[in-house]
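Undergrad: Residue numbers (the working numbering), protein chains in the order written: chain W, 1 to 249; chain U, 1 to 249; chain A, 1 to 249; chain E, 1 to 249; chain H, 1 to 249; chain F, 1 to 249; chain S, 1 to 249; chain Y, 1 to 249.
Everything labelled a hint here was simulated from the structure, so no lab data went into it. Just so it is clear, CB atoms sit at the ideal spot from N, CA and C, and this is done for glycine as well. A portion of the hints provided could be inaccurate.
[As the list claims (entries may be wrong)] Distance windows between CB atoms, simulated:
(1) S/Leu111 - Y/Arg119: 52 to 60 Å
(2) A/Leu164 - W/Leu92: 36 to 44 Å
(3) U/Arg119 - W/Thr167: 34 to 42 Å
(4) A/Asp69 - H/His161: 53 to 61 Å
(5) W/Gly58 - H/Thr148: 27 to 35 Å
(6) W/Ala12 - A/Leu164: 26 to 34 Å
(7) A/Leu164 - W/Thr60: 38 to 46 Å
(8) W/Val99 - U/Lys70: 29 to 37 Å
(9) H/Leu164 - E/Gly120: 53 to 61 Å
[What the hints assert, rightly or not] Per the computed footprint, the stretches of chain F lying under chain E, defined by three or more beta-carbons under 8 Å from a beta-carbon of chain E, are:
(10) 110-124
(11) 176-185
[Stated by the list, open to error] Some chain F residues close to chain E (C-beta under 10 Å, calculated; not the full set):
(12) Phe55
(13) Ala61
(14) Gln63
(15) Lys70
(16) Asp73
(17) His101
(18) Ala102
(19) Arg248
(20) Asp249
Number of protein chains: 8
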Amino acid sequence: MDKNHLLKLLEAVAGGHMSAEDGAEKLQHIAYEDITYAHIDHHRSLRKGFPEVIFGEGKTAAQIVGIMDKMMDQEDIILVTRTAQQKADVVLSHFPTSVYHADARMIVLELNPVPITGRGLILIISAGTSDIPVAREAYLTAIAMGNTVDTIFDVGVSGIHRLLNHTALISQATVVVVVAGMEGALPSVVAGMVDRPVIAVPTSIGYGVNLGGVTALFAMLNSCSSNVAVVNIDNGFGAGYMAAMINRD
Amino acid sequence: MDKNHLLKLLEAVAGGHMSAEDGAEKLQHIAYEDITYAHIDHHRSLRKGFPEVIFGEGKTAAQIVGIMDKMMDQEDIILVTRTAQQKADVVLSHFPTSVYHADARMIVLELNPVPITGRGLILIISAGTSDIPVAREAYLTAIAMGNTVDTIFDVGVSGIHRLLNHTALISQATVVVVVAGMEGALPSVVAGMVDRPVIAVPTSIGYGVNLGGVTALFAMLNSCSSNVAVVNIDNGFGAGYMAAMINRD
Amino acid sequence: MDKNHLLKLLEAVAGGHMSAEDGAEKLQHIAYEDITYAHIDHHRSLRKGFPEVIFGEGKTAAQIVGIMDKMMDQEDIILVTRTAQQKADVVLSHFPTSVYHADARMIVLELNPVPITGRGLILIISAGTSDIPVAREAYLTAIAMGNTVDTIFDVGVSGIHRLLNHTALISQATVVVVVAGMEGALPSVVAGMVDRPVIAVPTSIGYGVNLGGVTALFAMLNSCSSNVAVVNIDNGFGAGYMAAMINRD
Amino acid sequence: MDKNHLLKLLEAVAGGHMSAEDGAEKLQHIAYEDITYAHIDHHRSLRKGFPEVIFGEGKTAAQIVGIMDKMMDQEDIILVTRTAQQKADVVLSHFPTSVYHADARMIVLELNPVPITGRGLILIISAGTSDIPVAREAYLTAIAMGNTVDTIFDVGVSGIHRLLNHTALISQATVVVVVAGMEGALPSVVAGMVDRPVIAVPTSIGYGVNLGGVTALFAMLNSCSSNVAVVNIDNGFGAGYMAAMINRD
Amino acid sequence: MDKNHLLKLLEAVAGGHMSAEDGAEKLQHIAYEDITYAHIDHHRSLRKGFPEVIFGEGKTAAQIVGIMDKMMDQEDIILVTRTAQQKADVVLSHFPTSVYHADARMIVLELNPVPITGRGLILIISAGTSDIPVAREAYLTAIAMGNTVDTIFDVGVSGIHRLLNHTALISQATVVVVVAGMEGALPSVVAGMVDRPVIAVPTSIGYGVNLGGVTALFAMLNSCSSNVAVVNIDNGFGAGYMAAMINRD
Amino acid sequence: MDKNHLLKLLEAVAGGHMSAEDGAEKLQHIAYEDITYAHIDHHRSLRKGFPEVIFGEGKTAAQIVGIMDKMMDQEDIILVTRTAQQKADVVLSHFPTSVYHADARMIVLELNPVPITGRGLILIISAGTSDIPVAREAYLTAIAMGNTVDTIFDVGVSGIHRLLNHTALISQATVVVVVAGMEGALPSVVAGMVDRPVIAVPTSIGYGVNLGGVTALFAMLNSCSSNVAVVNIDNGFGAGYMAAMINRD
Amino acid sequence: MDKNHLLKLLEAVAGGHMSAEDGAEKLQHIAYEDITYAHIDHHRSLRKGFPEVIFGEGKTAAQIVGIMDKMMDQEDIILVTRTAQQKADVVLSHFPTSVYHADARMIVLELNPVPITGRGLILIISAGTSDIPVAREAYLTAIAMGNTVDTIFDVGVSGIHRLLNHTALISQATVVVVVAGMEGALPSVVAGMVDRPVIAVPTSIGYGVNLGGVTALFAMLNSCSSNVAVVNIDNGFGAGYMAAMINRD
Amino acid sequence: MDKNHLLKLLEAVAGGHMSAEDGAEKLQHIAYEDITYAHIDHHRSLRKGFPEVIFGEGKTAAQIVGIMDKMMDQEDIILVTRTAQQKADVVLSHFPTSVYHADARMIVLELNPVPITGRGLILIISAGTSDIPVAREAYLTAIAMGNTVDTIFDVGVSGIHRLLNHTALISQATVVVVVAGMEGALPSVVAGMVDRPVIAVPTSIGYGVNLGGVTALFAMLNSCSSNVAVVNIDNGFGAGYMAAMINRD
């Protein structure tokens, strides 16, 4: 429930379209709603401008559906991340208007159209083919939060000219998300090309001493470019979310 | 040399105040200037809107002075980070108008006043007394880059009410930098209170399995709040720089 | 076999209800009982006030049943931890009065009612939905050991007000168990609110540099609150056991 | 300032021995006191029953003296941990009644006698000669918090009979603190002998793959005895504090 | 092929029971025998007194059978370690006199009776039920190499009296192998009881920061007893082999 | 005090050369002797055949002298390991017959001649010049424990012929100690040449990812030769002690 | 597309065998070709003398086929690494002339014969049977890049004579690739025998503290021989590629 | 002693300029020369084409002088690496014609002019100012081994154009050494520009999770470019040596 929702409810009461009793009952649920397996923090939309996102991993389809049911009345959009196909099928059968993005393993249920509110362009760049799922998670998250988003995929540093070809687009972004596995070098190079914040996302792509992404993560934290901050390994959602925060007016 | 500098130079030539030859010679130095121990990237101010910052650790006082000498003609402000008192004394004797901030181990040489250009407030919060030097480095960097900056120090999570007392100020920030050592819990709590990006800075403060700050770093990367991105351990400079980038219009 | 059991046996002999021979034979088994795959330490109840608990992981259902058979005559309650559903089904078919708690993956066979002997309240707090299984293991263990236990679930630090709403209950506890994964920040915050011992339980919940719970563990060991001690990752049983020890008169 | 202090102040006002104005001014300082380098949390004694302890490492002698000055009026006892001899000399010259315990690197300033309030005996056991400083820190902390404390030093597991000789004393403790470096095996053995909580303190004593105490820490967290919880490496203070919390009525 | 085998072959030639040509051909194979996937080091029995042991993990049943076929003519006994049941079934169908020990996951094919040649008793002690497979691997290896071997299982340090009950047997051993997971404390305690070499075997048993056995390994390497040397995690075979080497006259 | 000492004391009493009272008083001290900073385990010589060795690191010269004073009456030889020159000077001024071996940083005080009791030859091999101090510590320890010891130094695997030149000597050893830093490859090669136990000692020699000796340690634990067991990094003393145990009849 | 391809195309246009339009269209694709899931870097053959190699892991069979389709027109040979049998079957059904090497998990599609262009002999040596797949990957890669390649397999350091038997062949190589798991000692020994560059490949073969190959990797990086450089764990392809680069005229 | 030296000696004997006795005595020393603290491997020059290099770290000036004395008669050039200024002063006073390179901490004693024998150009590239010492060590080593060497310093990836400006020079190299600390990204970018082998040298430059160079090392091992092999952290000498081996005809 964001401020707009709250305003509408109060206006409804003010305008006599809703009884004070009904309004009170609805408001009662705003703070936290307790279902068996989760405290749903409805107050969050008010406080943070975006509803809680459901982390699908480790939740059953039934639990996801249950939480979505509670959120539906009060939110404009619901995101479920890290959801396998099979689980998603169950969720989609309950919410036929929701969409499953298999590449990003993400469910999006848009209840009301999300207007573009971000002040500029968010650009998502990824290094290799295998990094695309994480990049797509960032992309869908930033879109869902009301931003203009563009992407450049598969421009790793071993063929630096592929990246330099996109200099014009890169210089237009307000914030850049850079996704890379293996040696995690791409964010440093991109950050050296722009005067904007770069959110670096290490991925677990690679083998041997990639250490499941820790090497890319540490490389990014040691970037010789100063306009780089980093999120957890494979955390495309977090990068998209952070980019949206930065892109807020 | 930022765009303004370049413009003035060209206007000087255009207005006949500088010969074309002199202008050409000056421009020749813009790209990169090679002294024995460093390629100075003058082009950087043009590309990134802020001059290269001198990382003082591992450079001699003479090397620092040498680099500053080359930068002076073309920059409005010069920062030297991670400089011990003794080394700073030598630098200050060469540049009497420069200021040494002992707590942040940083030298600031302001050649021209830095106007406030940031779009909102940058807020720096730190957890413990020992984290203050890192927080101060972030503070001075953000100030040097033309921002309004405020601070709240010593509000660790073991006495959560100390933090909650500052809710009003926290909610006014455009971007928040949170500095913490030990268990690194503060950024998660702060990020849960705002709808703005939080840059988390782990410090090496603690002992035993603080692992020189790695524990705080990993805790911050695992934050249950999504609006958090992280920089390297003790990297107050990077956090201030990143915050300034985010605070750019 | 606890002191009470021993006393009864001796009284039975004293009162002529059991022959000295039978008594001797029964006592002979008290120290250690050797079956093919385990030394059962019956003496343990006498020494430690609670029978050995069967760690189900890595034991076959048949082995678990075999050990329970030997323990049944001499103990009031038997706990089996870390037991998958399938294995539990076999055990329950042998001991129909035993109960399987699927969420905590734990079997409880209560042979005699366990009286409340703890001196105060044990409170179990958990951070996220996914931490509940570990919290439940602590809960069931503390209950089985004769304590009054209460719980607060899903009150992570990214919405600190959810926790503060429970201040009254928290202040009533004699000992608090706090279960958290990801950044492991909750125990520090809770410990800052009470003047009682806090047992912190890191969980393996999270991804990337949560390192299977090591990050949460290290964060907890670095807590800026002093009234915190820590058990192994996902060790809900150990936390419940330790809390019961602390709650002993 | 603990409850007793507060009560006395209010009684002084009530009895006319202190003007309301003076009382108000004194109370004003209770919550938090802000000096240049620290927020002193006076409210803490009220909330947690023991004043904040000054962590001496990384603070100058002047800073320690400054903080002690502010605390003196309101506390009965002040502890300063991890203080080197030279720094302690400065502190003692300001507070001649304070005592420096060189072995534990700790300063104790007892302003009012600390009555014994703990419900039972706290026993501190250490494995090797080199572990004694950490054990002493735990000892002095528990004493300062109003407990009866006893010690058994130098009873490592390579000569198990040395430990078994003390069985009688060990069985009288309400809580046992066990300090050990190297392989960290002692807490498991001690915990197997008692039905009381054991707080294990790993030390950094050893070399090679002792990893500065991490090996002892991990061994203790993997204890095959369930009544063990662990604090950070060399954290004798924390262990003594935790033991005092457990020993509280 | 050990020295005895070689001697017999030469005597056969000397005695006219084998032609020089046949003898030469047989000897030709002694050094190394090359099959597609392995250099079989027949010379090894001569050099080291025991044939190469087949490490079953990562080899197909067909490869194991192939190597055994080549070794059969020249060795008295063949060991295959780390072999799953299914693979073992195939091997046993080819060598019906071989025996599969499921608990140790080991195949033993005794072609000629192995005489006892060790100078004293090898004793294998293990800490927990789950450590038995590794202990059994050590046991079978030492037996196969011609030693008198005895065992004491399930005598972990949390009930130290279980171990002390076996003092008499322990003091008779020439070399002791101690197998333990979790905190790995048992070797230190055992080594403190004897004046004989102790070979410590860490196992991967445990969870959380047992780190797959690394914690037990490091604890053993830090043993406060000096008569301890260590082998790799779960390396029961190596411990049995090393014990046999030590027990050699 | 070893068995011989005990026997002599009892014979002295039996023969009237010592009063029963004096004998009793002397025996009273046998078990453990408590001085301020250490429990001296006199019983150890009886139990383990060799007196406790003083680990010099972290003890003051005064403490070392104090412990030696107590041990002198009852032991034939006293070893002090890891003692810097300066500390050794103090000790030698108290015990002029003691000898300081600077290369091994070890003090040896031989009170009675140590007869050769080991059953065979102990051979110490080291890889590089820098590994010699650790090898010397092993050498002196094995000598002190009554063994015939020989050495081969500076025969690293990068010039394998240097090692092969010593094949004859190597094959005569009953037990071989191999000391190596860097990649720790030497024990595998040596162990492949003999049918005797090899005790491998990793050293901290090297840089970068030698990780202070952990790389050599892990390499040795993964040796493709089975007759290798390993002690802690730089633990020359432990290797010499273990070799002496193995060389015992 | 290598220089030869390009030359032929231009000659075809020059000779009137291809229209300028067709030539232009073909050239248009040279730089980068964008299909849904990958930027194919055709320019690479020109720049690096060898086409991009398809890393099969994490790609579907359909994706592999798609990329091969695009490459076919312009390359002489196509390699696909890390491809499981099942996936390979699909690929081979599309490209019947391609060959699947099951041991190296590699597909080779030779469209035109690859002439030998390397200046000398590349020799691949491996330590154990289980290291052969990685060695074979290096072998096939070096062959595909136009080199004379020979191999010596299963010559680990525990039987050093097996290696020394091959001294003549080893001394003929221009570059040596050495593949080893476990303790990773073989490259040091081989490098000590030659005055040529050695590329060391650690494998993940082993268990316990082999740490999935990290131990072998670190051992190789610490080699006491200076003519050793290292590639990632199990990276047989990279080693073969690097060897081919070194063997280039 | 290289082949040339040997030849001259034999010719001297053949020509009657040296008696057979003198020749024999000189040859006697060829294999290995044993001084107290080192086996000097004179045979090495014959086997490997370059004399053993003295690793100065951990050796006294006297030891270095002693080894140089023995080598002087038989070698054309002597290198001493990792030598601090003070130690170097002593060495230079003994060998006045030797040169100390303070930046590389290296002593070079050229006894006979080293002719250029390498087949092409070795190029040394470094990322930051602080990486220059390691790059200089590689440079001096390659020069000493008879190569044409060029350098490009301070061209890190945060200003990629600085590197691209040198494309022409880079494409002329036969082998490229790339030295970088922090995120270690430079080798990947350089390797993508050439069809020649790249030797990557991670440096310990950086802070926080640079982990003393391990992050750069791991990044380099995970390079998305295939023509990269890696040496140990800060091992400029090894990289120069390896490059010289590759550049050998």
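Undergrad: None of the hints should be skipped; say for each whether it holds.
TA: Status of the hints after comparison with the structure:
1. Separation of S/Leu111 from Y/Arg119 is about 32 Å and departs from the stated range, judged on CB atoms against 52 to 60 Å.
2. A beta carbon spacing of about 38 Å between A/Leu164 and W/Leu92 agrees with the range 36 to 44 Å that was offered as a hint.
3. For the hinted restraint 34 to 42 Å between U/Arg119 and W/Thr167, the CB-CB distance of approximately 25 Å leaves it violated.
4. Between A/Asp69 and H/His161 the beta carbon distance is about 24 Å. The supplied range of 53 to 61 Å is therefore violated.
5. Against the hinted window of 27 to 35 Å, the Cβ-Cβ separation of W/Gly58 and H/Thr148 comes to about 53 Å, which falls outside the hint.
6. The hint said 26 to 34 Å for the Cβ distance between W/Ala12 and A/Leu164, and at roughly 31 Å that hint holds.
7. For the pair A/Leu164 and W/Thr60, the beta carbons lie near 30 Å from each other, so the given range of 38 to 46 Å is not met.
8. Restraint check, W/Val99 to U/Lys70: a C-beta distance of roughly 56 Å breaks the suggested window 29 to 37 Å.
9. Between H/Leu164 and E/Gly120 the CB atoms are about 28 Å apart, so this pair departs from the stated range of 53 to 61 Å.
10. Counting residues of the stretch 110-124 of chain F whose beta carbon lies closer than 8 Å to any beta carbon of chain E gives 0, which falls short of the minimum of three for the stated coverage.
11. Check result for the stretch 176-185 of chain F against chain E: violated, 0 residues qualifying (beta carbon to beta carbon below 8 Å, three or more required).
12. Look at F/Phe55: its Cβ gets to within about 8 Å of chain E, closer than 10 Å, so that hint holds up.
13. Proximity of F/Ala61 to chain E is violated relative to the hint, the smallest CB-CB distance being about 15 Å (cut-off 10 Å).
14. Checking F/Gln63 against chain E by beta carbon gives a least distance of about 8 Å; that is within 10 Å, so the hint holds.
15. Violation of the interface hint for F/Lys70 is found here, the shortest Cβ-Cβ separation to chain E being roughly 13 Å, above the 10 Å cut-off.
16. Taken as an interface hint, F/Asp73 does not check out: its beta carbon lies about 20 Å from the nearest beta carbon of chain E, beyond 10 Å.
17. Hint status for F/His101 relative to chain E: violated, with the closest Cβ pair at about 19 Å, above 10 Å.
18. Interface hint status for F/Ala102: violated, as the beta-carbon distance to the closest one in chain E is roughly 20 Å, over 10 Å.
19. Interface restraint check: F/Arg248 against chain E, minimum CB-CB distance 18 Å, threshold 10 Å, status violated.
20. About 23 Å separates the beta-carbon of F/Asp249 from the nearest beta-carbon of chain E, more than 10 Å, and the hint is not met.
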